[in-house]
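From just these sequences and the hints, can you work out the full model?
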Amino acid sequence: MNGRIIAFCCEHSAYPAADLAGKLGLHYPETLRIIRVPCAGRVDVIHMLRALEKGASAVLVLGCEDGACHHITGNIRARERVKHCDMLLREIGIDGRPVVMFNLSPNAPHKFVKAANEITKIIKESREAR
Amino acid sequence: MEARIGVFICNCGGGMKNIDFDAAGAKVAKIRGVTCVNLISDLCLEEGTEKMAARIRAENLDKVVVAGCSPQFKEHVFRNVLENAGLDGHLLCMANIREQCSWAHDGDVTEKAVDLVKMAVYKARLLRPVEKQDIAVDRKVLVVGGGFSAVASALRLSRVGLRPTVLEKEAVLGTSSEELQRFYGFDVSSMIGAAEGDANIEVLTSARMTAAKGAAGDFLVTIMREGEEISRKYGAIVFATGYRTELALDSGLGLPAENEAVSGPKIVSQEQLFDMLNDPFTDTKPRTIGFVFGFSDENSRFPTLATLNNALAAKKEWDSEIYVFCRDVEVDSEGVEKLYREARECGVVFLKCEALPRIAVDNGRIAIEAEDVFLGEDTVVACDLLVAEELLFPTEGTAALSSLLNIRLDSRGFYQDENVHLYPVASERKGVFFVGGCRGDLDMGRVLTDISSAVMSIDKLLSSGTITAEIERVKADPQKCVACLTCIRVCPHGAVQLGRVDGGKEIAVIADLACDACGICAAVCPAKAIDFQGYRDDQLLAQIEAIGES
Amino acid sequence: MDLENKCVLVVGSGISGIASALELGNAGLHVYLLEKEAAVGGHAASFCCKATDVCSGCSACVVRDKIKEAVLHPQVRLLTNSTIRKLSGELGDFRVEITQQPRYIDEERCIACGLCTEVCPTEPKAVYPPAAEATPFSYILDEGLCVRFKGEKCDLCRQSCPTKAIEFEVKAKEQELSVGAIIVATGFDVFDAREKGSLGYGRYPNVVTGLDLERTFSREGCLKRTPEGKEPQEIAFIQCVGSRDEGHGYCSHVCCKYAMKLAGLIKYQRPDTQVTIFYIDLQTAGKGFAQFYEEYKESIRFVRGVPVEILQNASGELEVKFEDISQGKVCRDTFDLVVLSVGISPGKGSWDLARILGINLADDGFFDIADPLNSNETSVDGIFLAGTCQGPRDIPDSIAHGIAAASEAIQVLGEFAGRRTGS
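Quick mapping for you: the protein sequence lines, in order, are chains A, B and C.
Numbers 675 to 804, taken from our numbering, label the letters of the first sequence in order.
Numbers 552 to 1101, taken from our numbering, label the letters of the second sequence in order.
Numbers 84 to 506, taken from our numbering, label the letters of the third sequence in order.
No lab work stands behind these hints: they were computed from the structure.
Just so you know, even glycine gets a beta-carbon here, dropped at the ideal spot from N, CA and C.
Take these hints with a grain of salt, some might be off.
Using C-beta positions, here's what the derived DEER-type ranges look like [as the list claims (entries may be wrong)]:
#, chain 1, residue 1, chain 2, residue 2, range
1, C, 411, A, 791, 14 to 22 Å
2, B, 929, C, 384, 36 to 44 Å
3, B, 1019, C, 332, 47 to 55 Å
4, C, 311, A, 767, 47 to 55 Å
This is the structure in C-alpha cells:
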C-alpha cells in the first residue's frame, strides 16, 4: 500500500463530515482510506499498529469534539490510546509514520479536510527531513 | 464453508464519471471470496432493489456488499432488501464510492473505488447475523424527589398508564416547592393530594435510595425507609430532586453572617420577603428596599424572576422605594422582559454594576454602595430591608445518588453531563432521566417541557411491557472473560454487569437494552473477550488487510 | 390506548417540528410532516458547528442527527413544498386541505447524479444541486431560470435523467388529510436588519447578520475576506438587534449565546483578531454556558450599551458610534466587520395560518396560548404549538418543546379515543 493513510472515522462525526466534504466538492488526498467505527473509543492500539505494520504511512483517528461524544468518554479514551501508540512507536524507534487524533463534528467538513491535509503535510515533511 | 458474497455496484445513474465501472467490476470479480459482481444502475430505487433481491436468491448469496452512495441514508433500504430476500440485515456491508471517493476527488478514482469494495468484501466475509428478541421491561417508574417536578411527573406517568413511586426523603411531599405556588400560582398542595389519592402512584416518604443495580427496563433499587430496607424493581428512574438556595451572606458581601447581629434593618431572602408581603397581620412597611443578585452566580434565571415579582409586589403593596443592584438582568425566559419593563415603569430603579456592591450597617440602616456603570460614580443607597443574593445549589445528596447509578454531574454539581446529545432530559444511561431544577437553572416553562419529555421517553421505553431489541450484538466470550471488571468500569452507559450465563462462572454480561453499541468495552478488554458484531477486531483488521494488499 | 391508526399533522419541519414528528412516530402514530420549503430542517439546519478545542454546546450537530432520524422514520411522511389551505372538523377528526407546489423533480427518484445540471443549457443553470446539508438531497428545478417555462421546447434534463425523476407537466397538487390532531411548528423569521436603517445592513457589505455569519462558517469553515480583500481584524457584534426594543418586547434567548460562541470560534481560529461585543444584558444562563463565558470574558471586549449608528468610511471600514458609559461620552471605533445579532421575529405567515386554523396571535405576534402554564396548548382543542412559533427558544429548548407538544397531542388523542369507546 503505497502511502495510504488509514482514517478510523466515528460514524457520529467524522464519517458524515467526510460525506459532506464530498457533497461540497472539497478535495482531500486520494490516499485516504476510511474505516467506519461506531465511536473513536472502539479503536484499539492493535488496530493502529496493524495499519502501520501493513504499510500505512499514517493513521488518523477521528472522533467527536471534546464534550460532544455520543458515548461521553469515547473520544477521550481514543486520544489516550493514540498517545500511547505514539509513545510505543517512539520507543521502538519508528518515526515519520504518525498516528494522530483529530476532533470534529458531523457538520464540519472543512475540519475533516484540514485533518487529512495536515497529516499529509506531516508525512511529507518527515520524508523530506530524512 | 466459503461464504458466497455478492457485490452490487451502483453507478448512480451515470453520475460518477471518474470511475470506470466496467474495469472496476472486472477487478472486483477477482477479489478473493466474491461470488458474483452485479452492475446495476439506480440500485436504491424500486427497480434496482427488485433486481438485487432476485440476484441474492438466484445466486444463493449469504453476504452482500453494496458499492454506491454513503450508508448514512441508504443503508436501511439495502438492509430491507436483504431481509426480504431472507438474509439478516447485518450481513450487508457498504462501500462508499460516491461521497467518499468519486465526489471527493478529481480525476480517475477507479483504483480507489476497487480498494473500497475490497475492504467491504474482506469485512463481509466475517459478518454474522444478529438476532432480535422481545425483552420484558418493568412498567414501574421510580421518581426521586417530592417537590413540584416529582409530583407532576408522577401524575403524568400515571395518566399514561405507568406506575410511578414517589420517593421523598422528608416526611411530607412538597416541602421545597413553595416558591412555585407563589410566583406561578401553581397549587402544589392539590397536586400532592391528587398524587396521594391516585391508585397508580405509590408515595414513600422519609425514604432514601441506598443502592441500585441493573439497567434500563430492569433496575433493582434498594430503598431505606424508617430503618427498613425495601427492594423494588423499576423499569426507569427519574430524578426530580430540585435545587436549594442559600443566602450569599458569607460570600463576600462583608456583612455579619448572622441576621440577629443586625437589630434594626433586616436582611432577608426572596422567600422571606414574599411572606412579609403576604402577611395580613404585619404593619411593617419598609420605605426603601435594596435587592442584590447575579454577582456570585452566572445562573440567575430564578433569582431574576423572584426579584422582579417581589419588587413589583412591594411597590404595589407598600409603595416602597426599590433599588435593584445586579450585573445583568437574565431575561431569557418567557415573559421576563415584559416583567422587567413593568418594574421599570413602576419606578423600580435598576443599577447595573460590574463589581459586587459593598454593604455596611450605618445608623440602623443598610448602606449599599456600588459603582453604577451608567452613572460612572459610586452610588450609596440606605435601605430598611436588603434582599440578599441567593445562590443556587444542587440538593444535598445529589453527588451520592449520582454515584449510586454511576451517572455524571455537570461542572456545577447539578445532574446531567454537559453533553448536547443528552438534552433535554436524558442521562448517559438509558432509563435514567432528569427533570426540572435538579439539572440546572430552569424557569417554569422549561420545567414543564422537561416533564413532558421525560414522560414521553419513559412511555416509549416501558408502555408495552416488552421491547424488541437486537440481542447479543455485543457479547463477552465466556471462555476468554476473566471478570477483570475493566469493561464494567469504562462502559459509559452502565450496560455491563457481572453475571452468570447458564449457571457458569461469573463473567461480564452486557444488557442488550442498555447497550448503545459504542464498542468501548471491546477496545479496552485486556483479554479481547468482547465481540461486537459488525465491528469485531477481525472485521476491522480485515479491512486493514485489504488496504495493505492494494 | 390504541393510537395505532391515528394521524397527526405537524406543520413545519424545523427542529421542533422534527422533534414532535419523531416522538409521535416512535409512539406508533402516523405523521404528516408538512414543509413549505423544498428541504426540511428550517433555520437550524444551516447553522455551523462552533466548537473550538471543545464543544461549545451549540447543538447544531444534534439538529443534523434528528433530521436524519426523522426522514428515515417509517411512520413519518414528508410533504415538502406544501402549505395548508383550509381546515375543518375538530379534535380527533380534522380535515386539512393542503396544496403541494410542483417541484418538477421527484425527490424519491432523484439520486443526485448531477447529469441534469451538466446538460442544462441556461446560465446560470436552471437545475442545480440543493445545499450540501439539504434533506432530502434532491436537485432543484428553478422555474424562473428554466427556458421551458419561458415557452421554449427544451427537454434536455428530462432526457438525461437516468431515473426519470424529472416531469414538467405536474401541476400543484391538492389533497385532503384526515388527522386527529395538529402540531403547529412553523418557527420564526429572522429579524430583518434593514428595518434598522442606521446600522447599514444591506447598504454596507461588511455589515452582516449573525445568520449570515453562521452560513459563511457552514460553507467556508472560516471567516471570509471582506470585498476589499482584507482579512477582518477588528470585528464587532451588536446584540439585541430586533429584540428588547419597541415592537419586540422580548428577549430572543439565542443571540447572546450564538454571538459569544461565534466570537469564540473566531478567536480560536485567529487569536490575533480583536472582537468586541456590544450588549445590554448578557444572558449567560443555561447549561454549560457560564464556563464558556468565563473562558472568553478576558479575550473578548465587552461593551455595555448598543450602538445607534454605523457609517462606512472611504476605505470600507465601518465607523461604529456608541456611548462609552465609563467615560460618559460618545465614541467612534472602526471595525472591518460588524455582525448584527439579529433576533427571532414571529413568522411572517403566522397571521394567515392563525386565521386558517382559528387560533390566536399574542401581542408580540407569536401564537397565543390558552393556559399561561401550558405553552403547548392553543385555544382550539387538538391544535398544539411547538418551538419558536410560540416564542423565542434555542435549539435544546425547541427540541424539548417539540417533544412536549407531541406528548400533549398523544395524551389528548388517547383521552379522546377513550371517551369515544366509553360512550
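Quick rundown of the hints versus the structure:
Our hint of 14 to 22 Å for residue 411 of chain C and residue 791 of chain A is violated, since their Cβ atoms are close to 51 Å apart. Checked against the given bound of 36 to 44 Å, the beta carbons of residue 929 of chain B and residue 384 of chain C, roughly 24 Å apart, lie outside it. For the pair residue 1019 of chain B and residue 332 of chain C, the beta carbons lie near 50 Å from each other, so the given range of 47 to 55 Å is met. Separation of residue 311 of chain C from residue 767 of chain A is about 52 Å and conforms to the stated range, judged on CB atoms against 47 to 55 Å.
The structure fails to meet hints 1 and 2 from the earlier list, while all remaining hints are met.
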